[in-house]
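*Asks:* If you follow the hints, you should be able to join the two separate chains into one complex; please do so.
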Amino acid sequence: MILLLALFAVDFQTEVKPILDKQCNACHDRAFYLRKKDKIVGSLAIMPPGGPGLNARDKATIGKWVAEGLEYPEVKKGLEDDLSLTRNLHGQIVKASAKDAFRNYKQRIPGSDVNYEMVAVPGGTFKMGNNAVADEGPEHEREVEPFWMAAREVTWNEYRLFMFAQISGEEAGANIAVDAVSRPTKPYVEMSFGMGIEGYPAISMTHHAANKYAQWLSAKTGHFYRLPTEAEWEYACKANAGPPEKLDEVAIYGKQQYELVGKKAANGFGLYDMLGNVMEWTTDQYQKEAYRNPQAWYPSKTPYPHTARGGSWQDKAGRVTCTARFASDPSWKQQDPNLPKSIWYHTDALGLGFRLVRPVKTPAPEEMHRFWNNGVAEDQ
Amino acid sequence: MIAAPAIIRAQTVTNAIKVGLVGAGGRGTGAASQALKADDYSELTAVADVSLDQINSSLGRLARINGGKVKVADGNKYLGFEAYRQVIDSDIDVVLLATPPGFRPVQLRYAVEKGKHVFTEKPMAVCPAGIRSVIESVKMAREKNKCIVDGFMWRYANHIVQTFEQIHNGIIGDVLSYYATYYTGPVKPMPAASTRPAGMSDVEWQTKNWYNFVWTCGDGYVEQAVHSVDKVAWCFKDQPPVSCVAHGGRQIPQEGGNIFDHIEVNYLYPNGARAFIAHRQIPGIYNENADYILGTQGRVTIGRGPLPIVEDHKGKILWQFEGTKNDGYQYEHDILFSAIRKGEVVNKGDRMVSSTLLAIHGRQAAYTGAQLTWEQIQNSSLSTFPDPFDPKGSLPEVPTAKPGITKFV
Numbered sequence: 004m005i006l007l008l009a010l011f012a013v014d015f016q017t018e019v020k021p022i023l024d025k026q027c028n029a030c031h032d033r034a035f036y037l038r039k040k041d042k043i044v045g046s047l048a049i050m051p052p053g054g055p056g057l058n059a060r061d062k063a064t065i066g067k068w069v070a071e072g073l074e075y076p077e078v079k080k081g082l083e084d085d086l087s088l089t090r091n092l093h094g095q096i097v098k099a100s101a102k103d104a105f106r107n108y109k110q111r112i113p114g115s116d117v118n119y120e121m122v123a124v125p126g127g128t129f130k131m132g133n134n135a136v137a138d139e140g141p142e143h144e145r146e147v148e149p150f151w152m153a154a155r156e157v158t159w160n161e162y163r164l165f166m167f168a169q170i171s172g173e174e175a176g177a178n179i180a181v182d183a184v185s186r187p188t189k190p191y192v193e194m195s196f197g198m199g200i201e202g203y204p205a206i207s208m209t210h211h212a213a214n215k216y217a218q219w220l221s222a223k224t225g226h227f228y229r230l231p232t233e234a235e236w237e238y239a240c241k242a243n244a245g246p247p248e249k250l251d252e253v254a255i256y257g258k259q260q261y262e263l264v265g266k267k268a269a270n271g272f273g274l275y276d277m278l279g280n281v282m283e284w285t286t287d288q289y290q291k292e293a294y295r296n297p298q299a300w301y302p303s304k305t306p307y308p309h310t311a312r313g314g315s316w317q318d319k320a321g322r323v324t325c326t327a328r329f330a331s332d333p334s335w336k337q338q339d340p341n342l343p344k345s346i347w348y349h350t351d352a353l354g355l356g357f358r359l360v361r362p363v364k365t366p367a368p369e370e371m372h373r374f375w376n377n378g379v380a381e382d383q
Numbered sequence: 004m005i006a007a008p009a010i011i012r013a014q015t016v017t018n019a020i021k022v023g024l025v026g027a028g029g030r031g032t033g034a035a036s037q038a039l040k041a042d043d044y045s046e047l048t049a050v051a052d053v054s055l056d057q058i059n060s061s062l063g064r065l066a067r068i069n070g071g072k073v074k075v076a077d078g079n080k081y082l083g084f085e086a087y088r089q090v091i092d093s094d095i096d097v098v099l100l101a102t103p104p105g106f107r108p109v110q111l112r113y114a115v116e117k118g119k120h121v122f123t124e125k126p127m128a129v130c131p132a133g134i135r136s137v138i139e140s141v142k143m144a145r146e147k148n149k150c151i152v153d154g155f156m157w158r159y160a161n162h163i164v165q166t167f168e169q170i171h172n173g174i175i176g177d178v179l180s181y182y183a184t185y186y187t188g189p190v191k192p193m194p195a196a197s198t199r200p201a202g203m204s205d206v207e208w209q210t211k212n213w214y215n216f217v218w219t220c221g222d223g224y225v226e227q228a229v230h231s232v233d234k235v236a237w238c239f240k241d242q243p244p245v246s247c248v249a250h251g252g253r254q255i256p257q258e259g260g261n262i263f264d265h266i267e268v269n270y271l272y273p274n275g276a277r278a279f280i281a282h283r284q285i286p287g288i289y290n291e292n293a294d295y296i297l298g299t300q301g302r303v304t305i306g307r308g309p310l311p312i313v314e315d316h317k318g319k320i321l322w323q324f325e326g327t328k329n330d331g332y333q334y335e336h337d338i339l340f341s342a343i344r345k346g347e348v349v350n351k352g353d354r355m356v357s358s359t360l361l362a363i364h365g366r367q368a369a370y371t372g373a374q375l376t377w378e379q380i381q382n383s384s385l386s387t388f389p390d391p392f393d394p395k396g397s398l399p400e401v402p403t404a405k406p407g408i409t410k411f412v
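Order-wise, the sequence lines are chains L and A. What the first sequence shows, in my numbering, is residues 4 to 383, in sequence order. What the second sequence shows, in my numbering, is residues 4 to 412, in sequence order.
Source of the hints: derived by calculation from the structure; they are not laboratory data. Among the clues, some could well be false.
To be verified - Here are the computed distance ranges between Cβ atoms for each label pair:
id	chain 1	residue 1	chain 2	residue 2	range
1	A	I288	L	P125	41 to 49 Å
2	L	P125	A	S60	44 to 52 Å
3	L	T365	A	R253	47 to 55 Å
4	L	A34	A	P273	55 to 63 Å
5	L	K266	A	R253	36 to 44 Å
6	L	G245	A	N172	49 to 57 Å
7	A	T198	L	G172	24 to 32 Å
8	A	D56	L	K291	33 to 41 Å
9	L	D116	A	A201	53 to 61 Å
10	L	G172	A	N59	55 to 63 Å
11	A	T403	L	G273	51 to 59 Å
12	L	D332	A	A201	42 to 50 Å
13	L	G378	A	N59	21 to 29 Å
Said to hold, decoys possible - The calculated DSS-like cross-link candidates involving lysine-lysine, where the alpha carbons are at most 30 Å apart (straight line), are:
id	chain 1	residue 1	chain 2	residue 2
14	A	K319	A	K395
15	L	K189	A	K40
16	L	K291	A	K40
17	L	K249	A	K40
Said to hold, decoys possible - Chain L residues, not near chain A, derived (Cβ > 10 Å throughout):
id	residue
18	G45
19	G66
20	A70
21	N91
22	G114
23	K189
24	E193
25	G197
26	M198
27	P297
28	D339
29	P340
30	K344
Note that this is a predicted model, so its numbers are computed, not measured. Don't be surprised by glycine CBs; every beta carbon is placed ideally from N, CA and C.
Chain A with its partners taken away, still in its complex shape (with noise of 0.2 Å):
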């Protein structure tokens, strides 16, 4: 952590940090501890959840990590989807969103509106009309003064971005292909139809079960390998791809949801360069999440040991991470709280919203089985979102995509 000098300490005692969290989950919990431990003087003072027990739990947890810090009034808890609204209108400087991603584009526009710093999981949206509005979002805030931070953790772990910082300087030369895999088991796989309570909506229900629903969760590939999706939009600079094709489907029959359990895209880059990110969440099938960039002078290897590989083409070591491995999840509260303690602006939005599109887009690529440019993905009319809203009113399944069958639109 990042101590804050004496002076400013002996300053803000009376000026604490106030954060509020959105989504008290596992997740949500564990980014509200760290922003409890990135500011000597922040402390919790409001949350939202669509259970009470959810946050109850939460906030015993974090009673016990983080102590004093811990000051939520009964009335400052907040039940229901809308129950965000409360928590930012309520007295706080920071917001932590951390909610199923589907909820977060709405979320996000709201605490900008209001004025406030916001810690973002990751991603951003799960379709391209959410991307839309985060990207109006990220523009509001910078014109705000207000910081946006986000929970890409990989940006903010020493290791890794020490070893992008090589790729960048031409250690390996020219990035010619990246080949990415995310194969590990289903996450949160969706119960039996006869589990769901009498009375509980189709919203409720799904959103319970947010893991398996395209509107809620966007896919395994946009929730979770969208941490590899990341990576390579970092390797390319963060700069757009020309177009991506793909394949996915269902392997494993589910009795509802709609999300795939395997894709696999193939990302054409301006300079001829290629990037393949290949996920399923199948159980029993072999298991790996690495990262094998090959340039026209070398080669780096993640995730298969605890260190990156940098080489060259004999198998030569290049370069070595020499230290200690930090705390990315930690670091991400750090730079954002340090920001507001000095009263600077730290604003991530750009790269997160191009990382979360990149994963859209390869994911409408394998629902529709088109090949799709990145104009095409960002001029997408595609909103998952319910419209109208209604956390009580009945909600169909959208059928599974069929690629070949399922429209671009």
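Isolated chain L (complex conformation) (with noise of 0.2 Å):
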């Protein structure tokens, strides 16, 4: 009897594990198939998404392994937030972005109802800096692949689902790179300052948080994000055209606090709230004179400054431009009283959001690393 029950069981290790690891296992981990058995041999059929599915002999492999009692003798390793983490999300990535065309387009945050919009930028050629600021000179011409930027700032919509794991609708165990990813901690103070959530931008959060905010979208959605360079920026805020001839019609500046994000009339590529609102996260290390030997991008080496863009709410016209450069600085922590100090939260910067772009050009996993992981996430 033993002995036949071994000759009819179907083995983990050489039947069942190869199938789960082409179609499964880059997504989801034991918990998750022990959760799902009822629907498991269902769901296999349109496994991967995008991907073949599986064949019928397959299919009657895995019949027999649930009908067996899903033994699973493996205990499966949580990913953990380092490069193995990237190469499974770049693997992800190349294979759902394949064949995307490249036209605007919204996105549901999977598990949730909330939408954002992309907008495709083509690429090109333009003049950046302005000559008649320190920092902002030489003007010198630049040219930027194409790439989507979302046409508004992330919401508190958007964020609260990476802040708060327990209302993004996640299922531990259903999607283990989403898990992986490092989310904020709770913070101890409301984050809005009162301003407002619904349709709101969200606001102080580190360059570190808004890194790790677009990986986690990235895991969610199949879609490389990222911060802009600050060259992107600079190129998708002035949309070919010279500065607004009326700041007040497309820039909130100059107030008491922010507003709803894309009330304002929307520039040339169709994008709100370039300018003003809340100033946008580039990935760029800030350096004074970067123009005098530009490079595409300029990675992190040290935790201040970075570059933030565009002005806020909290400033006056001069500052809310295409070309002004804002340095990030300690002191934007200066109300977070404990040591070591949050490597999420900056509680003073009130006027400090981002939005995300897409490279057309997914960029190899070492490279997508770098932009999710400056690695000065703390201060001292």
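*Replies:* Structural data, given as structure tokens:
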């Protein structure tokens, strides 16, 4: 009898595991299989999304494995937030992004009813900088590759899904890559500072926090999101046009608090609030003399300063331009009374937010990793 | 920072202000860094904590920020629940008290007895017996000409200070009501009992998870919403209320711990004015930390936007803060160290005591469901600190209070 069972039982290592590795393990873990055992055969037919699905033989093997009680001898270790996670995501992104047409799109954040819009920004050359201001010169010609850029600043509706896994609709184990991305600690104070949540821009996040949001959103959607470089940001802001004739028509500035995103007119690319409302993180380390020796991007070497762009509701018109550069500073965490200070919150930067880009060309895993991990999250 | 005049600097090269830190967690480390920035010749010479790892990581951080002012030899790192005595007994001038607040009264008493200047984090006690001890310590410090400066940081934040000056000068007439919100998520929720390491005593386990126990933390209302309670006290010129009624409970079950996760208190003041303070620590809720002060001739709103709004009943702005916000956490220490340098005495004890007791007042009204007068809470015999205190002994958890069943004592 024992012999018979051994003969007929499906062998996990040689028969089941190769199928799971091929079709499922990039996104799911053992806890997920156990929870979904009633539906697993049906859902495997359509997994992975956009992939070839299971052939009849593999389907029968999995069916038998489920019927025999889902024996799973190997405990699969969760992923760590390191280069192996980025490699895992890179694989998913290359597969999922391959056939996307370069046009505007609207995306729902999986598991939620929150949407955002991405605008296709064609690549091109433009004059970057402004000779009239010391750190904005010299003006020079730059070329940028095509990318999508979020039409609006990231709102609390979006960012809070990242801050609070509990409201994100995520099930532990359902997507181990999403589970592995580092998430913000719970804030001690109310981070909108009473200025409004629904439809308002998220504020006061660190450069590290914005990078991790980008990675989290990439894990959720299978698209590669990151902060824009200063060059991409300025190109998108200028939209092949001169400064706006009437700043009031396009920008929130010189106010008592921030406003709903997208209230003012969009620029020539269809991007809202590039100027004003909240200044926006770029991926670049701030260097005063950066334009004397332009680089495509300036990876982080020190915790401060990083560059934010566009000015905010707190600024006067003179700083609310496509060329003005804002350098982050330790005083942006002044009200954080603890040491170490939080790596997630700039408690004193109430005019600081961000928006993401998605480059058309997906970089290699190592470069992707640098965009998501600035390596200088801690102040001291 | 208040720069010391050159002449004082020259005189004090050989006259450092020596600082001892009791409680080397995140807030204690932050306070130490601020103390070291508050005077050209302050230096950190002794540290106490229950964990050596905590001490070493704290000192590592401080050395990176404050450099050569961190002078703690290995022999001046003190471990355990009694280590505060060794720090205070060492050759220091100022002690920074930043442990969980349940331990504060005995530490403050010892510091004052030994003639040290004190910076004490808020709250200063978690029960009426503790408050009575602090009242005596404050008096004793005054008699000995020693400084006590507190961590009620809004009292040191220039934009809030100036707003309360405006209120006290009558810009919105007489204050009729004060509604304060402190709606946040859980601060440090209790971990599963299965994660308790073998051999760890009850006191050690409860201290490790101090936020969840009344005897160590005082409840979120006393530990955190006390910032709002302090602003209420300030608005009513630090005069006590007549009485209060409150309700509260625990919405989110947890394995161990005995604090509530929501409390709302209604205080009655002698002139008939009311103060309402609403506090909750529940995940996923609407968050807000604001103050709405209603006067006969206008209103003040704090916490809805970066600056307080002071307006009449038609919405016309009556006054606005102008200038740059200071760093209140730094300013607390600037005041303390500048007073020590000048040989002056600054003692903020009275108001820090009344604000802390005002919070305990509200909490006990919530825990018991009773209407409580100020006299009742002043004279309450409640003492939450374990007696006798044995770090290695057993300490059964006191059950969470049940309004209507838990008796006022």
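*Asks:* Is it correct that the beta-carbon of L:G45 has no partner in chain A closer than or equal to 10 Å?
*Replies:* Consistent with the label, L:G45 stays out of reach of chain A, its closest Cβ about 32 Å off (over 10 Å).
*Asks:* Does the Cβ pair L:G378, A:N59 satisfy 21 to 29 Å?
*Replies:* With Cβ atoms ~24 Å apart, the hint holds.
*Asks:* Minimum Cβ separation between L:G66 and chain A greater than 10 Å?
*Replies:* Non-interface label on L:G66 holds, nearest chain A Cβ at 36 Å vs cutoff 10 Å.
*Asks:* Holds or violated: are the alpha carbons of L:K189 and A:K40 at most 30 Å from each other?
*Replies:* 28 Å, holds
*Asks:* Compute the least Cβ-Cβ separation between L:P297 and chain A, then decide whether it is above 10 Å.
*Replies:* Since the minimum Cβ distance to chain A is about 33 Å, L:P297 lies beyond 10 Å and the statement holds.
*Asks:* Would you say L:K189 is clear of chain A, with no C-beta pair closer than or equal to 10 Å?
*Replies:* For L:K189, whose nearest Cβ neighbour in chain A is about 5 Å away, the distance does not exceed 10 Å, so it is violated.
*Asks:* Do L:A34 and A:P273 keep their Cβ atoms within the hinted range of 55 to 63 Å?
*Replies:* The hint (55 to 63 Å, Cβ to Cβ) holds, given that L:A34 and A:P273 are roughly 60 Å apart.
*Asks:* Using the beta carbons of A:T403 and L:G273, state whether their distance is inside 51 to 59 Å or not.
*Replies:* Given about 55 Å between the Cβ atoms, the range holds.
*Asks:* Taking 30 Å as the top limit, are the C-alpha atoms of A:K319 and A:K395 close enough?
*Replies:* 61 Å, violated
*Asks:* Can you let me know if the beta-carbon spacing of L:T365 and A:R253 is within 47 to 55 Å?
*Replies:* 49 Å, holds
*Asks:* Hey, does L:A70 actually stay past 10 Å from chain A on C-beta?
*Replies:* For L:A70, whose nearest Cβ neighbour in chain A is about 33 Å away, the distance exceeds 10 Å, so it holds.
*Asks:* Taking C-beta pairs only, is L:M198 more than 10 Å away from all of chain A?
*Replies:* L:M198 is in fact no farther than 10 Å from some Cβ atom of chain A, at 5 Å.
In this structure, the hints that do not hold are numbers 9, 10, 14, 17, 23, 24, 25, 26, 28, 29 and 30, in rising order.
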